[in-house]
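Asks: As a plain string of letters, each chain reads:
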Amino acid sequence: CQFLYILCLLQEPSLYTVKAVFILDNDGNRLLAKYYDETYPSIKEQRNFEKNVFNKTYKTDSEIAFLEGMTIIYKSSIDLYFYVVGSSQENELMLMAVVTCLFDALMQLLRKNVEKRSLLENLDGAFLVLDEIVDGGVILESDPQQVLQKVNRVDENPFSEHSVTQVLQSAKEQIKWSILK
Amino acid sequence: MLKKFDKKDEESGGGSNPFQQLEKSAVLQEARVFNETPINPRKCVHILTKILYLINQGEHLGSTEATEAFFAMTKLFQSNDPILRRMCYLTIKEMSTISDDVIIVTSSLTKDMTGKDDSYRGPAVRALCKITDNTMLQAIERYMKQAIIDKVSSVSSSGLISALHLLKTSFDVVKRWVNEAQEAASSENIMVQYHALGLLYHIRKNDRLAVNKMVSKFTRQGLKSPFAYCMMIRIASRLLEEEGRKPRKLYKCTLVQMQEFKLSVTDRNAVSVFTLRSSDCLWLIPSCPPLAQNIESQGEGALSNRKVHDLVSSPHHQVAMKHPSAVTACNLDLENLVTDSNRSIATLAITTLLKTGSEGSIDRLMKQISSFMSEISDEFKVVVVQAISALCQKYPRKHTTMMNFLFSMLREEGGFEYKRVIVDSIIHIIEENPESRETGLSHLCEFIEDCEFTVLATRILHLLGREGPKTQTPSKYIRFIYNRVILENEEVRAAAVSALAKFGAQNEEMLPSISVLLKRCMMDDDNEVRDRATFYLNVLEQKQKVLSATFILNGLTVSISGLERVLHQYTLEPSEKPFDLKSVPLATTPLTEQRLDVTPAAVAKQPEKLAATRQDIFQEQLAAIPEFKDLGPLYKSSSDPIALTETETEYVVRCTKHTFASHMVFQFDCTNTLNDQVLEKVTVQMEPAEGYEVLSYIPARSLLYNQPAASYTLVAVPEEDPTAVACTFSCTMKFKVKDCDPNTGETEEEGYEDEYVLEDLEVTVADHIQKVLKPNFGAAWDEVGDEFEKEETFTLSSVNTLEEAVTNIVNFLGMQPCERSDRVPENKNAHTLYLAGVFRGGYDLLVRARLALTDGVTMQVTARSTAEIPVDIIMASVG
Chain S
1 CQFLYILCLL QEPSLYTVKA VFILDNDGNR LLAKYYDETY PSIKEQRNFE
51 KNVFNKTYKT DSEIAFLEGM TIIYKSSIDL YFYVVGSSQE NELMLMAVVT
101 CLFDALMQLL RKNVEKRSLL ENLDGAFLVL DEIVDGGVIL ESDPQQVLQK
151 VNRVDENPFS EHSVTQVLQS AKEQIKWSIL K
Chain G
1 MLKKFDKKDE ESGGGSNPFQ QLEKSAVLQE ARVFNETPIN PRKCVHILTK
51 ILYLINQGEH LGSTEATEAF FAMTKLFQSN DPILRRMCYL TIKEMSTISD
101 DVIIVTSSLT KDMTGKDDSY RGPAVRALCK ITDNTMLQAI ERYMKQAIID
151 KVSSVSSSGL ISALHLLKTS FDVVKRWVNE AQEAASSENI MVQYHALGLL
201 YHIRKNDRLA VNKMVSKFTR QGLKSPFAYC MMIRIASRLL EEEGRKPRKL
251 YKCTLVQMQE FKLSVTDRNA VSVFTLRSSD CLWLIPSCPP LAQNIESQGE
301 GALSNRKVHD LVSSPHHQVA MKHPSAVTAC NLDLENLVTD SNRSIATLAI
351 TTLLKTGSEG SIDRLMKQIS SFMSEISDEF KVVVVQAISA LCQKYPRKHT
401 TMMNFLFSML REEGGFEYKR VIVDSIIHII EENPESRETG LSHLCEFIED
451 CEFTVLATRI LHLLGREGPK TQTPSKYIRF IYNRVILENE EVRAAAVSAL
501 AKFGAQNEEM LPSISVLLKR CMMDDDNEVR DRATFYLNVL EQKQKVLSAT
551 FILNGLTVSI SGLERVLHQY TLEPSEKPFD LKSVPLATTP LTEQRLDVTP
601 AAVAKQPEKL AATRQDIFQE QLAAIPEFKD LGPLYKSSSD PIALTETETE
651 YVVRCTKHTF ASHMVFQFDC TNTLNDQVLE KVTVQMEPAE GYEVLSYIPA
701 RSLLYNQPAA SYTLVAVPEE DPTAVACTFS CTMKFKVKDC DPNTGETEEE
751 GYEDEYVLED LEVTVADHIQ KVLKPNFGAA WDEVGDEFEK EETFTLSSVN
801 TLEEAVTNIV NFLGMQPCER SDRVPENKNA HTLYLAGVFR GGYDLLVRAR
851 LALTDGVTMQ VTARSTAEIP VDIIMASVG
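Protein chains in written order, with UniProt numbering: chain S, 1 to 181; chain G, 1 to 879.
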């Protein structure tokens, strides 16, 4: 019977891994958030959850928290807090992969300035990065390099062939716009 | 534009949010820029970002304004700026639910997804599927199939995931894409493989044979993606679970193979991050012991990796709770973790150790815990207390050590939840170990002297009232209880008065002094306290044991919500007749004697609440059926539905028995698992073996595929021979079958009659008796009196131990064991079991069974009731 009991605890196999991803500032305010299922359907419940999560995690230096029946993996940098939420049965390491990928991709996108102001200045990029990592709760990609490539934001290294063309392209654009203006 | 924000930032002190001041109307106004030609991509990207930011912050966009902005945005498809285009896709996805007519972008998106620019194609597929509905899906089906097998991994992944999302609304279309998904599953790209595997499983999960094939196929081929592996293990364990207790050898081999493969993968490259979460393959442990070792060695490897440190210890913790022996092997590692600087890890480690440790190590561990108890948060303290409580159950002999520890913890600062768990554990220990009662109670008395939590104080007072009078010197508790009357708020005062009364009722020497105290309580400011004091004092002054037993020692046994409902009904229809307490349904679960389970308290308590309301639900459902109106109140419903078929047959039927005063209703929950049939007029014909008479059938009108419906059968309980309550019914389900098209759901006009034989249904004595807990059995025994008493002696030759006999009797009679008499002390040759219940119709029924261990077990049964019939029935059924 104990055997069956253990089995009941196993999770239904599913690609839907991530319940929510959000980035908060150091006052616990939401900068970016995506909820992928109906666990927290209203904005009020979402904010409340974020508040609880933030209060529980902002002082600690670990990477994982269990709250309201959720597994939360998080990471912080200067004044930013990155959270990935999954069910209590979820594989923490998969959630970890998501938060690491999000962080590393933003790290490159923001040229190592992973802080609030820099994030807000490049919010469009952050939206796109997140869109490439998780789609509707399914992990789409977990390699930050792949993610950046997909949003056309590979680190512009002047020695790489690819970026030379890109620089030229953007220079062309610049000139074009200045003429058109 | 960003420059401008920067300036503002500096003025306001820097670091503030440039999007903070955004006004919805202003931003939507700005969106008009989209209509300008030529398009300025930078400006437009910025405005789209603002719109997305607003939606992200939870700003509500009205349908009209969203539609307007959306239409303006469609113009942006003229620009070829990659970022702008990508932002458009995002906006489309975000607005797909709030804006009307989003489908107008279909053609633009279709163009992008089939176009040359690879970086557009994947996102375009995902955006397109977000706005597609069932009808439009047919039109783009061809493109979707191509996308799934596309060489570019991002396109293929996008196609697969979108297909997965579409399964919810258009299962029938998406399942046609299985071949494409199959092809994608052998892709070189790890993410594509993962997504394909996931999609295949989601499509096939109801077809076990297909899943089975899939598992063996991928086991042969091997998988490259760690994500896919994780998925695979889960699928395989799911299969095992469905197989039930007889895991097929095949799966075992499959999984062992995968496990080995996995290990080699782990060795080759340092993807130890993706080692299986232990609980994912936990089921393997009981069926395959050598694997436990493997998992442990994996665990250790990961433990050395600081980065995944916490991640690993948490699953370890879970494993320990579910299967302690599996973890014992790595206890040494855990001991090292106890000194970890991260207190959460240390706590998890120590609680794991507590759960797996041996009796000898307890003292040492306790010392270690107390050293850092003050440094950790309440939440972890609760975890520790729960672990200790579980330990007490395992090693009752250690209770003194643990009790002392719990009390020192109780004295420390802490929140309600923390204190509650401690008090729960202490109460539990007291109930389990009579020898700890005295010390436990005096510690608790000390605690309530300074307790800010009303709930805890009342609970402890209740416990004092119940356990205190049984101790050697009950008088020493009176002072503590009476102090509450002087010092506390009204709820605690009322509880204290009740506790005082219980002392008075059970101890004649103390009665005079208790009376004095109660008289003082009659001057109290609070109504409830005064009422209780007056009531109890009057009852006590009658000096009749029966009265005290009914009104003071054994409280109400009815369900509170039921009482509320019946009283409400009574006030609606005023009648001359006095209110009859027997018409109130009894509480389904005795609330006072909660057993602390090994699982955390919160989990254990929930089902009990549900059980209490379950009967109410049945009551309502049954009352809605006109045929059952005159049956009176529902007396008892059997706890778990009984399966009358195998779970995998064409039709699945489960039965719940409802007992009324002189009738029984059988509720058959039927499920039709054939999608090409509709059943109509479903009844379950019952053939009783003796005595019972079938009165009527209430058919389930129609039974659609996978939608359960209930059919009822009404039966009268035999009146001529009231003792013949146990009976076997043979059941046959009768119905009319109509064929239907599984795809369209259209039913054919013509049908034919058919029947289906079900398993036999047993009605036993237990179905006629409701469990009731009498906290003080002796008092209740006297209260019922010996007017209808019968005694007989039986020999139970088939049972060999007292425990077995006790369990058998309790299960057979379906009555509530009182005074913890269901627990047989070790190494005893004789035991007395006290059972209490209420017989159908509201007759109290008490049974005392004296058991003696000789060759078999000899049992002397004495039954008392307020009427003759129940006693006869008990005697007849036991014999």
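Worth flagging that the hints you see were computed from the coordinates, not collected in a lab.
Idealized CB from N, CA, C, for every residue including glycine.
Among the clues, some could well be false.
Claimed, not checked - Cβ-Cβ distance ranges computed for the label pairs, FRET-style:
no., chain 1, residue 1, chain 2, residue 2, range
1, S, 78, G, 483, 34 to 44 Å
2, S, 41, G, 561, 22 to 32 Å
3, S, 169, G, 676, 53 to 63 Å
4, S, 149, G, 395, 44 to 54 Å
5, S, 29, G, 676, 52 to 62 Å
6, G, 513, S, 55, 31 to 41 Å
7, S, 41, G, 690, 30 to 40 Å
8, S, 149, G, 80, 17 to 27 Å
9, G, 696, S, 41, 39 to 49 Å
10, G, 372, S, 107, 50 to 60 Å
11, S, 78, G, 823, 44 to 54 Å
12, G, 65, S, 107, 31 to 41 Å
13, G, 673, S, 78, 35 to 45 Å
14, S, 41, G, 641, 45 to 55 Å
Asks: With reference to the structure, classify each hint as holding or not holding.
Replies: Do the hints match the structure? See the list:
Our hint of 34 to 44 Å for residue 78 of chain S and residue 483 of chain G is violated, since their Cβ atoms are close to 56 Å apart. For the pair residue 41 of chain S and residue 561 of chain G, the beta carbons lie near 29 Å from each other, so the given range of 22 to 32 Å is met. In this structure the hint that residue 169 of chain S and residue 676 of chain G lie 53 to 63 Å apart at CB holds, the actual value being about 59 Å. In this structure the hint that residue 149 of chain S and residue 395 of chain G lie 44 to 54 Å apart at CB is violated, the actual value being about 59 Å.
Taking 52 to 62 Å as the suggested C-beta distance range, the pair residue 29 of chain S and residue 676 of chain G conforms, at roughly 56 Å. Checking the proposed 31 to 41 Å range against residue 513 of chain G and residue 55 of chain S shows it is violated: the Cβ atoms sit about 52 Å from each other. About 56 Å separates the C-beta atoms of residue 41 of chain S and residue 690 of chain G, a value inconsistent with the hinted range of 30 to 40 Å. Roughly 19 Å separates the CB atoms of residue 149 of chain S and residue 80 of chain G, a value that falls within the hinted 17 to 27 Å.
A beta carbon spacing of about 45 Å between residue 696 of chain G and residue 41 of chain S agrees with the range 39 to 49 Å that was offered as a hint. Take residue 372 of chain G and residue 107 of chain S: their Cβ atoms lie about 36 Å apart, and the range 50 to 60 Å is violated. Distance hint for residue 78 of chain S and residue 823 of chain G: a CB-CB separation of about 59 Å, inconsistent with the stated range 44 to 54 Å. The supplied range of 31 to 41 Å is met by residue 65 of chain G and residue 107 of chain S, whose beta-carbon atoms lie about 37 Å from each other.
Hint check: residue 673 of chain G to residue 78 of chain S, Cβ distance near 57 Å, so the stated range 35 to 45 Å is violated. About 32 Å separates the C-beta atoms of residue 41 of chain S and residue 641 of chain G, a value inconsistent with the hinted range of 45 to 55 Å.
Hint compliance for this structure: hints 1, 4, 6, 7, 10, 11, 13 and 14 are broken, all remaining hints hold.
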